[in-house]
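Engineer: Throw the hints in and build the complete structure from the sequences for me.
Residue-level listing of the chains:
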Amino acid sequence: MVILGEKGLSGILKLLLDLVFIGGMGIFLSLPWSLGWYIDTTHALGRENYLFLLGFLYFTGFFCLVIVNEMRKIFKTLNRLNPFMMDNVRSLKRIAPSALLIAVAYVVKIIFYNTFLTIIIAMVFIIGGLSALVLSEVFHQAVIVKEENDLTI
Amino acid sequence: MPIIVNLDVMMAKRKISSSELAARIDITPANLSILKNNKAKAIRFSTLEAICSALDCQPGDILEYVPDSSDIQVASDNEEV
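Residue numbers (this note's numbering), protein chains in the order written: chain A, 1 to 153; chain B, 1 to 81.
The hints are all genuine.
Quick list of in silico lysine to aspartate or glutamate cross-link-like pairs, EDC-like style, CA-CA up to 20 Å:
| hint | chain 1 | residue 1 | chain 2 | residue 2 |
| --- | --- | --- | --- | --- |
| 1 | B | Lys36 | B | Asp8 |
| 2 | B | Lys41 | B | Asp8 |
| 3 | B | Lys41 | A | Glu148 |
| 4 | B | Lys36 | A | Asp150 |
| 5 | A | Lys76 | A | Asp87 |
| 6 | B | Lys36 | A | Glu147 |
| 7 | B | Lys39 | A | Glu147 |
| 8 | B | Lys13 | B | Glu49 |
| 9 | B | Lys39 | B | Glu64 |
| 10 | B | Lys36 | B | Glu49 |
| 11 | A | Lys73 | A | Asp18 |
| 12 | A | Lys73 | A | Glu137 |
| 13 | B | Lys36 | A | Glu148 |
| 14 | B | Lys39 | A | Asp150 |
| 15 | A | Lys14 | A | Asp87 |
| 16 | B | Lys41 | A | Asp150 |
| 17 | B | Lys41 | B | Glu64 |
| 18 | B | Lys39 | B | Asp26 |
| 19 | B | Lys41 | B | Asp61 |
| 20 | B | Lys36 | B | Glu64 |
| 21 | A | Lys109 | A | Glu48 |
| 22 | B | Lys36 | B | Asp56 |
| 23 | A | Lys73 | A | Glu6 |
| 24 | B | Lys39 | A | Glu148 |
| 25 | B | Lys41 | A | Glu147 |
| 26 | A | Lys93 | A | Glu137 |
| 27 | B | Lys39 | B | Asp8 |
Honestly, the hints are just simulated from the structure, not real lab data.
Structural biologist: Now the structure itself:
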């Protein structure tokens, strides 16, 4: 099975991320209506939580879209079979604070509206953000080695 | 970088063009250009061997050590100590 390239696994994932980004953008823009519709349809949450959830979803949704967009950029370079470049280091450095800010928002949600799933998501984003920071340094080292190798004749 | 590649001098002496040398030593003209313009960070022994063989010369004819001004300053400071 081909992993890298347009027709490989990375190509399929890039397409999936494109769909997630477009879908996410649609939900983000229609949040005031879609959240109201969700609350009215499921009755899982009361109307009194509407404003808090709206602010919470706008905040986390924005940074989620940033993460998905940066991942799309990384996968685009993977499809070109050239992942070790400074742009990817910068993308990972942008993903890290975005993920950590989402984690902070979920920690705030734990205080006000705690659920078991909220704790799990907060932990996932903390680990994800820190991993992105480490990966950015790994990519940075790889870029240095690649440049050295490219300039060895 | 204090190591200077004097490849173009040797190529002029042997009257050989860049493209011809690149073909003889089996590297791309782009890589040969990097080498000629002192942009390379390192040179493989195999490449050096191929260049010396193609130009019938010694590595010292191609590579030259020219100390940086900062290196000269450090050396003179050490002598004073």
